[in-house]
Amino acid sequence: MSANEQILVEKSQNGDTRAFEQLIKMHEQKIYNLLLNMTGNKAVSEDFLQETFLNAWQKIKSFRGNSEFSTWLYRIAVNAVLMKRRKRKTVRTVSMDAPIITEKGEIKRDFADDWSKSPTATSENTELKNKLNKAIELLPEKYKTVLVLRDVENMSNEEVQKILKISLPSVKSRLHRARLFLRGKLSGYFRGH
Amino acid sequence: MEHKIFLQLLSDFIDDELDFDLSDEFERELEDEFCCCFFNTFKKTVELCHQIEMQEVPQSLHYKIIKTIEHTGSPKKKRKNKRK
Chain H
1 MSANEQILVE KSQNGDTRAF EQLIKMHEQK IYNLLLNMTG NKAVSEDFLQ ETFLNAWQKI
61 KSFRGNSEFS TWLYRIAVNA VLMKRRKRKT VRTVSMDAPI ITEKGEIKRD FADDWSKSPT
121 ATSENTELKN KLNKAIELLP EKYKTVLVLR DVENMSNEEV QKILKISLPS VKSRLHRARL
181 FLRGKLSGYF RGH
Chain W
194 MEHKIFLQLL SDFIDDELDF DLSDEFEREL EDEFCCCFFN TFKKTVELCH QIEMQEVPQS
254 LHYKIIKTIE HTGSPKKKRK NKRK
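As given, the protein sequences belong to chains H and W, one line each in that order. Counting in my numbering, the first sequence tops out at residue 193, every number present. Counting in my numbering, the second sequence tops out at residue 277, every number present.
Some hints here could point you the wrong way.
[Unchecked claim] In silico DSS-like cross-links for lysine-lysine, where the CA-CA straight-line distance does not exceed 25 Å:
1. W:237 with H:185
2. H:131 with H:30
3. H:30 with W:236
4. H:30 with H:61
5. H:131 with W:236
6. H:25 with W:260
7. W:197 with W:236
Keep in mind that the hints were calculated from the coordinates and are not lab data.
Using the sequences plus the hints, can you model the full thing?
Okay, structure coming up:
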């Protein structure tokens, strides 16, 4: 945490709303994008963003500085989404075990088309972008959260571990399975073209 | 290297988390056409995730949050542990 951020946190803990506004400015965009990628819905993300900062303001005195302030904020945002999802109790069953290995232990041929150098394999391709966003949405929550923090928000495995309070091997394993799942979905898109 | 092992190591390789010997072995596996294709598409998938554009926070939302904070009052005090 930078010295400036630490001062802003201390002022906020003493009830200084102006200082807290500065903290909002510093972190709102990243938190908002995390929420957008987790929920896939703009209106819902806006509600969660508001809830995140309101919760953070109300709980700021309990922030002891043992972690980065941003890690603490991310945890509040992620928990807000996961709590709501748990309450809704909608269990989506998406198979994460893509059958990509044959009985002989080799990679299945139909998955081996190399679309990576296709001129349409670019983030400029709106159709592909939508396909990728839809595939992320399809991921079960525990995989999606790790993937978004790690590959979309570009955090390190260690940062993700701190936010989600899970082990490093769990971060790595969830990330890997999520990446395989997305690759499978994008391969499906390219096979269809 | 078995394909199964190769698949398990993909993320570690692109995240630069394999030790030297294993990394060397992994690279040799990339000479296999199917492994190479799988690796390229896997890597591209991760790159596309990195390229997902950041959205701006709508200004109206920013001000709405600030107004809500201002009207909420001071943060709650720390809870004291009750002692028996």
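Quick rundown of the hints versus the structure:
no.	hint	result
1	W:237 with H:185	13 Å, holds
2	H:131 with H:30	22 Å, holds
3	H:30 with W:236	24 Å, holds
4	H:30 with H:61	23 Å, holds
5	H:131 with W:236	17 Å, holds
6	H:25 with W:260	14 Å, holds
7	W:197 with W:236	17 Å, holds
Of the numbered hints given earlier, the model fails none.
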